[in-house]
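Residue numbers (UniProt numbering), protein chains in the order written: chain A, 1 to 297; chain B, 1 to 297; chain C, 1 to 297; chain D, 1 to 297.
Since the hints were made in silico from the structure, they are not lab data.
Treat each hint with caution, since some may be false.
Example chain B residues on the side facing chain C (calculated, C-beta under 7 Å, incomplete) [as the list claims (entries may be wrong)]:
hint, residue
1, 19
2, 22
3, 123
4, 124
5, 135
Far from chain A by the CB rule (all over 12 Å, computed), these chain B residues [stated by the list, open to error]:
hint, residue
6, 5
7, 9
8, 11
9, 13
10, 14
11, 31
12, 39
13, 44
14, 92
15, 127
16, 130
17, 146
18, 152
19, 167
20, 193
21, 263
Note that the Cβ used here is the ideal one computed from N, Cα and C, for glycine as well.
There are 4 protein chains.
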Amino acid sequence: MANSKYEYVKSFEQPDLLLPSTWIVVRIDGRGFHKLSDRYGFVKPNDRRALDLMNAAAAEVMKELPDLCIAYGVSDEYSFAFHPSCQLFERRSAKLVTTIVSTFTGYYIYLWSVYFPDMPLQPTGLPSFDGRAVMYPNSRLLRDYMSWRQVDCHINNLYNTTFWTMVLKGGMSNTDAEQELKGTISSDKNEILFKRFGINYNNEEEIYKKGSVIYRQYQLEDVKPKAESGKGQEEEEEEPTPVQGGIPSRSQQDKIRKLRRKAQVVIDHVDIIKDEFWERRPWIISGKPGKLPAESK
Amino acid sequence: MANSKYEYVKSFEQPDLLLPSTWIVVRIDGRGFHKLSDRYGFVKPNDRRALDLMNAAAAEVMKELPDLCIAYGVSDEYSFAFHPSCQLFERRSAKLVTTIVSTFTGYYIYLWSVYFPDMPLQPTGLPSFDGRAVMYPNSRLLRDYMSWRQVDCHINNLYNTTFWTMVLKGGMSNTDAEQELKGTISSDKNEILFKRFGINYNNEEEIYKKGSVIYRQYQLEDVKPKAESGKGQEEEEEEPTPVQGGIPSRSQQDKIRKLRRKAQVVIDHVDIIKDEFWERRPWIISGKPGKLPAESK
Amino acid sequence: MANSKYEYVKSFEQPDLLLPSTWIVVRIDGRGFHKLSDRYGFVKPNDRRALDLMNAAAAEVMKELPDLCIAYGVSDEYSFAFHPSCQLFERRSAKLVTTIVSTFTGYYIYLWSVYFPDMPLQPTGLPSFDGRAVMYPNSRLLRDYMSWRQVDCHINNLYNTTFWTMVLKGGMSNTDAEQELKGTISSDKNEILFKRFGINYNNEEEIYKKGSVIYRQYQLEDVKPKAESGKGQEEEEEEPTPVQGGIPSRSQQDKIRKLRRKAQVVIDHVDIIKDEFWERRPWIISGKPGKLPAESK
Amino acid sequence: MANSKYEYVKSFEQPDLLLPSTWIVVRIDGRGFHKLSDRYGFVKPNDRRALDLMNAAAAEVMKELPDLCIAYGVSDEYSFAFHPSCQLFERRSAKLVTTIVSTFTGYYIYLWSVYFPDMPLQPTGLPSFDGRAVMYPNSRLLRDYMSWRQVDCHINNLYNTTFWTMVLKGGMSNTDAEQELKGTISSDKNEILFKRFGINYNNEEEIYKKGSVIYRQYQLEDVKPKAESGKGQEEEEEEPTPVQGGIPSRSQQDKIRKLRRKAQVVIDHVDIIKDEFWERRPWIISGKPGKLPAESK
């Protein structure tokens, strides 16, 4: 339509394209969730309903954006990873981040009543999330990022489990519990749980200890025994063969997107630090859809 | 808590601070709202419920973020402006944009049933919004940005009103109406509306013709008659006196934020291109809270 | 010419356009000049030859880039300012900065023998400079930037003058002089200079006390007496009337560039903190060439 | 020293850190060298003195910045590559680019008289260079970048050699030569050279056909015959084992820098597109200094 003399202001918009051939991680975080968890009486140290709601919202994001390879969530945060070959929105940073944040928030609000049927959202201070994009130049770094989040999950959960057990079951004040835990290492906390409360931390639920990982499900690959696996591993860690430097054509992108939509999106609570997770699911790093389980018959 | 050997991945996060002493406009846009408006049967050319819902969500954003000076909305887009002196989130771009996008989306979903009581949201493809931040170095440019959006509103609304009248009342096909309107100017469209359908475009509702502007309400200033106003205007267009180059201290910020929270957030449908709107509400450009209406007595 | 299959790597170049309608300051700094000044026996506290060489190189930069409005130098650093309306190299940051750094370095090396005829450059560790661009959204901030550099010049020169007088004339060791100056304020240093060495700091050369400012010379404007100058000052501080938001057309740019080339580039050692300097040379802030001195007759 | 009230302007400087673990290529280009080559009568199609001067300046840059792994030059441009593990200047983009541009320019001017003894530089319009940094996330992309430049060298040199032979030896006008070459492919140009002028393009000097590559010399590695080399190649293409994600400690950096300074900087005119060049010099991609030739005895 007709232009106006004011249209020059468009020139102030600055490009924000993320570097090609680089993993893009979008991490979102709940805003003020400490206060929010008090307001809606989230169970300590972990509220299963709240985590299931986070996972449900994240799974919807994965379904709406087939370009996403994997997501990992813990507490009120979630990280979503786009493949280096991803061309969605021309890799514009703000567009990628806001689309994820908005889609996630929408489902979080929409599905709230499913997970908190007796606790309606109050009309002010609705839950909200902020987000940011971070680039990782290769898959080793992406895996280290994911490991970082899962180690954090472990460290925080062991602390929180011990702290809240001391407070809720041990009758200690928050301050006393905090004081006693200061400077302790993992084995100390395990011992407190076991000796004082008969709790074996290993028996805690996996979702609390490992967080949640979401990905598309294809037929799992066999893991080669270590002796032979040298080569296999190397291949896996290699960057995918570049198509014009890893930039697939538009029609290739559409085809891959379509294939990805067909795969089931699954939520898992497993170790993503060791190689096994990635070796059995090579499609996550390669960005190439695997065989659908149905096809295996 | 304890660090892990993976923590180095944090160093890949890159700073994204917006330039100090510069207006920040965050514009959000509905994603795929063409399809969405079909799905939920939005009335053509304007669906009052949908616009009221946009305005309600935007008003909540303004209430939650007192640093915002003004917002302007049309169709499925909304622009929010932070003052040059704003220090919220250290002016980190992604944080500012995602907070607005997330808060807006949350309220849009949450309030949907209020405005569309008979049309529940469907569980896939929820409404979502993307967003971006644009910087404008002075208030003249901010006003030109706002004018750009309001001129766009006018141009689009006149076109849409004429087009849909020709189709819905005139029984024309979409293609025929489009064909006839090609190359027409405003007066042509006004004439089609008036001569064929007896519609005076000037009598259309202001919300459709002008869009919606949201701001905090203080006591309006008198507009000086033009003859004397030379100086007044100049003052108004000047950038605010710099406090350390326009960067207020933390306690000044808190004080201003508190004052802003007290003001009523109002939704208006008025001309924001001419000077009058801005002259009568100098607090928008100055960033300094005006007198509350109650105080005037 | 023909493209190769490797050409896709061009897509990794990221845009780096500086915000329109914003002052651009490119500051360059000598690399390792402390060591260099020892190597070539620069006179302490100020080496007139070295400063004259800096100024000569900066003046050549001003002549080669008519888009520059003003430059200010002190010690081994120089700041060059482009007007908000500048469109040179589409305002690409790297291009603007490297062009200035390269041109400056070239003249510094080329003219070295003129200022140090008995001290030829040695073939390793040639003098070199780094640089960066900083944006300032309005002329108040540009002036504050310039004031910052000139205040720094004053503070450093008073310190250095006192320190080297104590060492060179007073026979103190570097450590003792440093120790005695620790915690002193300006008046203390003035007193040391005057009482012990009979030196009145005010009589030191202006180039050392004020640094060097370079600009194009037009006919100076009369400064209105303060009583009346209120309005004049305001006008001066206003941003220039925007041409499409301050973005002149290509032919306007060429015309202005041509006019600027005609003006003489002068090197001055005067106060640039107070208003007078700017009021008498309004073309610096306005970006509009003034009247050439010749025209005044 | 004492701060001034103007110091707040420092906050307008924005960080420009390049992504960690990513190759950084700084490419510099002669400004207006077409005109410059006329002015100083550069020989067509290649002026050996001008190329030798470019190479000499680039070699000095390599010596002054041991963090550089490789450089490649053709015509009036030069590309310098920093390793992904490089931490020089905290990877600040402007600092890296301007240091290279300034050092290069300095040596170019300083050494001019060595290569053009009879052709002194004129005091206006000195040669100057602009520059930019581009990031490449892995070594495959770096090699594709280098291949891109070398293919460009070949394409341009074949064209220029043919064109200037037609003009200078064949007596054709520029326009006629240009016209005839329009649409020709490599074999056509080879044929023109051979059939009309008896010139076998393959016998042209390597520096013209291949450009110039500069690197540090260590003991060359044997190239494994292709049959066995599968694994070797893979290893070579792998990213180096990350030390904290490829970020070496400060003392590791210093140690590596020291080792690199010991290596001889050599200028070569060889194929850098095929694997051999890189396989025999694995230190370029690995960033780990090889064995010094002397050590091999």
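Requested in this report: Against the earlier hints, flag every one the structure doesn't satisfy and list their numbers going up.
Outcome: Going through the list in order, the structure violates hints 3, 4, 6, 7, 8, 9, 10, 11, 14, 15, 16, 17, 18 and respects the others.
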